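Engineer: Read top to bottom, the protein sequences are chains A and B.
Taking the working numbering, the leading residue of the first sequence gets 170, the next gets one more, and so forth.
Taking the working numbering, the leading residue of the second sequence gets 170, the next gets one more, and so forth.
No lab work stands behind these hints: they were computed from the structure.
Since the structure is predicted, the reported quantities are computational estimates derived from the model, not experimental observations.
Check before you lean on any hint, since a few could be wrong.
To be verified - Covered stretches of chain A (in silico footprint by chain B; criterion: 3 or more residues with CB under 8 Å from a CB of chain B, positions within the stretch not fixed):
(1) 204-218
(2) 227-236
(3) 240-253
(4) 277-283
Ideal placement from N, C-alpha and C gives every residue a C-beta, glycine not left out.
What follows is the residue order along each chain.
There are 2 protein chains.
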Amino acid sequence: MNYPCGIKKKKTVSYSNRGMNLENDINVTNEYYLNNKIAVIHKKPVPITIVNVDYPSRYEAVIKEAYFKTPSTTDYNGIYRGKYIDFEAKETKNKTCFPISNIHNHQIKHLKNIIEMGGIGFLIVRFSSLNETYLLKGIDLFKHIEDNHKSIPYNYFKEKGYLINMKINPRLDYLKILDDIYFGGENHEKTC
Amino acid sequence: MNYPCGIKKKKTVSYSNRGMNLENDINVTNEYYLNNKIAVIHKKPVPITIVNVDYPSRYEAVIKEAYFKTPSTTDYNGIYRGKYIDFEAKETKNKTCFPISNIHNHQIKHLKNIIEMGGIGFLIVRFSSLNETYLLKGIDLFKHIEDNHKSIPYNYFKEKGYLINMKINPRLDYLKILDDIYFGGENHEKTC
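Could you put the whole structure together from the sequences, leaning on the hints where they help?
Structural biologist: Okay, here's the thing in structure tokens:
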């Protein structure tokens, strides 16, 4: 079933796998970029507050109590073609829009700071029911949020965003989009 | 008591506060940089593997079992003057040298990748017994490691590194050093 943006579905299943497919696609893509010396982009660890750690042996530590923290930055950053790259990636099952509540205010503020500093900041959103993944420039994200704080229609991604094609390798070649929009269409792929 | 590099002191005390002073100094410095729109540099969260999470209520999650992972990147990265910045920060009580075992191989490889990509990569080391903090360029770190995998003598930091002065605000102004060595001596501080 699909729910319109803003209406919350009752949570009856574990959310531990939520977003894992996109995350996995980005991680293997980043690995490809790293191994082929195209870019160095990593996912940041999940921010947590550690309350209690057990040391059953000298070299082993077991975290026994910790809590998830609200992230103050985006999940991914790194360097590509000498430029600082920063983005957040989210998956939604919704077919008509992307609920902005999926992104924390801190993360939007962070993307603004990055772009102000001369970095490249953007959002990757997968509409998993449609099997489409879009890259939306930070600037277009901010423009939309000024008008509508709740959600971004799917059509806005179609109009302002860039569809990222799935391939064998690299699986989700989002840097090709950056080539087109930030580096004047040059391609990072080595031609024969 | 001080121990020469390579000789391990018996660990009888908790290490949870190890490196916290330098970390704290860097964090408040980064906050100053952020608030004054000088740079956006953040510490990455500690990488962990989560094994077991309890959900006592719908909105609360308690991590009940997790383990520390070996970091595959450095602790700090961000953007300054349009450039990608990446560094690791370590504290040692040793007065004569810095044991390289404090840095993981992955982290050194990561710094190499960053510099190859055109980023600025370096190491910040505090000799806490001497109350001196040095910035060592990645390139000088790699040069030394080629000759000696075990430790970097204090004198190498004095010779090749850059002493970072402590101030009121920003507390540990390491970007001033980058101004001098990477940006031709220009200063980020606004002059009256």
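Engineer: Please go over all the hints and tell whether each is borne out by the structure.
Structural biologist: Here is what the structure says about each hint:
Coverage of the segment 204-218 of chain A by chain B holds. Counting CB-CB distances below 8 Å, 9 residues qualify, and the rule asks for three or more. With a cut-off of 8 Å between beta carbons, the segment 227-236 of chain A has 8 residues touching chain B; three or more are needed, and the interface restraint holds. Three residues within the 8 Å Cβ limit are the bar, and the segment 240-253 of chain A against chain B gives 10, so the coverage statement holds. Only residues whose beta carbon comes within less than 8 Å of a beta carbon in chain B count, and the segment 277-283 of chain A has 3; three or more means the coverage holds.
Hint compliance for this structure: no hint is broken.
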